[in-house]
Structure formats: C-alpha cells, structure tokens
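Colleague: Work the whole structure out from these sequences, hints included.
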Amino acid sequence: MTETQRHQECVGYVGLGNMGLPMAQRIAAEHRLAIYTRRRSQGEELCTSGQLEGIVQADTLKQLLTLCKVVFFCLPNDETSLQVILEQALPHAQPGQVLVDMSTVRQSTSLRCAEACIGHHVEFLDAPISGGPHKARDGSLTIMCGGPQATFAKVQPVLQCMGTHVRLMGPHGSGTAAKLVSISSSMFVCMYCKMYTILSTAALWTRCCYTMTADRQRNFATCIHRCTDTLQCVLFA
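For the sequence shown, the working numbering gives the first residue as 1, with consecutive numbering after it.
By construction, these hints were calculated from the structure, which means they are not laboratory data.
Computed from a prediction, not measured in an experiment: that's the story for all the values here.
There's no promise every hint is true.
Claimed, not checked - 30 Å max Cα-Cα, derived DSS-like pairs, lysine-lysine:
{"hint": "1", "residue 1": "K62", "residue 2": "K154"}
{"hint": "2", "residue 1": "K154", "residue 2": "K135"}
{"hint": "3", "residue 1": "K69", "residue 2": "K154"}
{"hint": "4", "residue 1": "K135", "residue 2": "K69"}
Modeller: This is the structure we're talking about:
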C-alpha cells in the first residue's frame, strides 16, 4: 500500500466473481480497499494467494459499511442485487453513504434500489459495465451510470480505475437502460450475421438483394453499421 493510499478513505467492494475480482484488483492498485464475501474462506484465499494485497476483509456487510463511505456491488442477477443491497446492506447504511450497483439487471431493479436508498437518505448509482474479464483486468471497461451528477462526481475517480469509457447517462435507471440497449444492439448484430451466413450458404443472398430497389439495398447493407455507430455516439459522445 502506498503512502497516498494509506490516507485515502476506504472503498468497499462486494462480489468477487469473474468480473468483480479483476475490477476489485484495479481499485486496490490505487485506493484503500475493503471487501466482503459471503464465504470468508474465498476472501482469505484471494488475500493469501496475492490476488488482493493490502486489503481489509470485513466479516459482515454491516462491518463493511462502517469502514467505507462508498461501496460497490457486482452481483450475478436481479434477485441477488435486491437481496444484498436492499435487505442486507441498506439497513446498515448511514445518510450520505454511496451504494453503486455495477450488476447487469433490469431497469426496474435499479429504480427500486434507488427509491429505497433515497428513502434512507443514502445515495445510489446504477453503473453496469460492458466488456469481458480481459477488459476488467486491464481497466478498459465501458461503464454506463445513472443517478445525480453530484453522486457520479464522488465516485468517478474510482470508476476510472476500472474503465476508460465512464459516462453519466442521466437520472437513476439510465445506466441500466443504456446497458440493455447495448445488449439488444449486440443481439441484432448476431442475428444479422447469422442471417447473412445462412443466405450466403444457400446462395440466396444475391437473389434477395436483386429483389430490392437500389435505395433499399444501400439501407439494408448499412443498417447494422448505422445502428452500432449511432449507439456509440449516443452513449459515449
């Protein structure tokens, strides 16, 4: 731990899976870090193996929240996010603390968490991520955030440890909405490629294009590029 880290406020992290662990490592490289895992043995193994050095392991979420003003969550699904954030973390959170959910969940889940946090005078940010474990390891994730500008500003330096594209998309739920749009766009790309492969294999691609007008051919051929380029501009301009 560097001298600078020694005087920093501690950052909390919950969820050390395939994505969460390398993200936590990125934070630990620049900030004091405290972690909580449901299986204490998992945290101990990570610490002793050298994967997470110089960190504090909390015994409970309550203890983690007493150590950290900002806590990040990277959880596998909606049910787990609601259970861990609303039932286990929020009852022990103090006014002014910040909870950041980086899980990929439904927008309704993010809005439900935000509403509950506001009721407890706790700040909340939905901040889902885009990119695989390799991008988590090298800190080049895309992070789409939803919440107040002031809350975003508080956690932006930590988010920038994990991602090169970190954007506030709008109010609560906007980050989750942007992530879902990104997923839908990717599915459209896959569908288009699959359709092209099938038609090409069956020697039908030329016939299909032949039946189109010139304008329709151009639109069809550029549709996927416009879709992805527009999404990129809207999300990350």
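Colleague: Take the hints in turn and mark each one as holding or not.
Modeller: Against the structure, the hints come out as follows:
1. Between the alpha carbons of K62 and K154 the distance comes to roughly 22 Å, so the proposed pair stays at or under 30 Å and holds.
2. The straight-line distance between the Cα atoms of K154 and K135 is roughly 23 Å, inside the 30 Å bound, and the hint therefore holds.
3. Of the pairs offered as hints, the one joining K69 and K154 holds, with about 10 Å between alpha carbons and a cut-off of 30 Å not exceeded.
4. Pair hint K135 plus K69 holds up; C-alpha atoms about 26 Å apart against a cutoff of 30 Å.
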